[in-house]
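Engineer: Sequence:
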Amino acid sequence: ACLMDLLKLQNVINVSGVVTKPNPASERLHEHFGFRLAGVLRNTGFKKGKWLDVAWYEKNLSDWPAKPLPLLPFSRVEQAQVQNILEAYSH
Numbered sequence: 001a002c003l004m005d006l007l008k009l010q011n012v013i014n015v016s017g018v019v020t021k022p023n024p025a026s027e028r029l030h031e032h033f034g035f036r037l038a039g040v041l042r043n044t045g046f047k048k049g050k051w052l053d054v055a056w057y058e059k060n061l062s063d064w065p066a067k068p069l070p071l072l073p074f075s076r077v078e079q080a081q082v083q084n085i086l087e088a089y090s091h
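Count the sequence shown with our numbering and you get residues 1 to 91, in order.
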């Protein structure tokens, strides 16, 4: 959740997550944070000697602006805003 709030400060609108299946814990984690399943690529990942499906998750972080704002490098994000977010999640 902290990462999502930091990404919003950078004008990020959408984020993606990728999970090899089956991986119930990672799938639940993405769903818990509001990601939705965007699609599954069958037998696309190869791990520990076998082919696995790869699930793509997506999440919108904000409403669609009329015109997207440019991505703000993290080094240019106002540090007071970053500190406020980090403090909010440190408890």
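Keep in mind that the hints are not guaranteed to be accurate.
As the list claims (entries may be wrong) - In silico lysine to aspartate or glutamate, EDC-like type, Cα no more than 16 Å apart, as pairs:
no. : residue 1 : residue 2
1   : Lys59     : Glu87
2   : Lys21     : Asp63
3   : Lys8      : Asp63
4   : Lys21     : Glu31
As the list claims (entries may be wrong) - Beta-carbon label-pair distances, calculated as ranges:
no. : residue 1 : residue 2 : range
5   : Trp51     : Pro24     : 29 to 35 Å
6   : Pro24     : Gln79     : 36 to 42 Å
7   : Gln83     : Trp51     : 21 to 27 Å
8   : Val77     : Asp53     : 19 to 25 Å
9   : Phe46     : Lys8      : 22 to 28 Å
10  : Asn11     : Arg42     : 33 to 39 Å
11  : Ala25     : Asn60     : 19 to 25 Å
12  : Val77     : Arg42     : 36 to 42 Å
13  : Tyr89     : Ala25     : 20 to 26 Å
The hints are simulated quantities; they were obtained by calculation from the structure and are not laboratory data. Keep in mind that this is a model prediction, so the values were computed, not measured. Every residue, glycine too, gets a C-beta built ideally from N, C-alpha and C.
Engineer: Now tell me, hint by hint, if it's right for this structure.
Structural biologist: So, going through the hints one by one against the coordinates:
1. In summary, the hint linking lysine 59 to glutamate 87 is not supported, as the alpha carbons are separated by about 24 Å, beyond the 16 Å threshold.
2. Using a Cα cut-off of 16 Å, the hinted pair lysine 21 and aspartate 63 is violated, with the two alpha carbons roughly 30 Å apart.
3. Of the supplied pair hints, the one linking lysine 8 and aspartate 63 holds, its CA atoms being roughly 11 Å apart against a limit of 16 Å.
4. Distance restraint check for lysine 21 and glutamate 31: the Cα-Cα separation of roughly 14 Å lies within the 16 Å cut-off, and the hinted pair is therefore satisfied.
5. In this structure the hint that tryptophan 51 and proline 24 lie 29 to 35 Å apart at CB is violated, the actual value being about 19 Å.
6. The beta-carbon spacing between proline 24 and glutamine 79, approximately 38 Å, falls within the hinted interval of 36 to 42 Å.
7. In this structure the hint that glutamine 83 and tryptophan 51 lie 21 to 27 Å apart at CB is violated, the actual value being about 45 Å.
8. For the hinted restraint 19 to 25 Å between valine 77 and aspartate 53, the CB-CB distance of approximately 36 Å leaves it violated.
9. Evaluation of the 22 to 28 Å hint for phenylalanine 46 and lysine 8 yields a failure: the beta carbon distance comes to about 35 Å.
10. Between asparagine 11 and arginine 42 the beta carbons are some 34 Å apart, a value that agrees with the proposed interval 33 to 39 Å.
11. A C-beta distance of roughly 24 Å is found between alanine 25 and asparagine 60, which places it inside the suggested range of 19 to 25 Å.
12. Between valine 77 and arginine 42 the beta carbons are some 39 Å apart, a value that agrees with the proposed interval 36 to 42 Å.
13. Range check, tyrosine 89 to alanine 25: about 21 Å between beta-carbon atoms, so the 20 to 26 Å window is met.
When each numbered hint is compared with the structure, violations occur for hints 1, 2, 5, 7, 8, 9.
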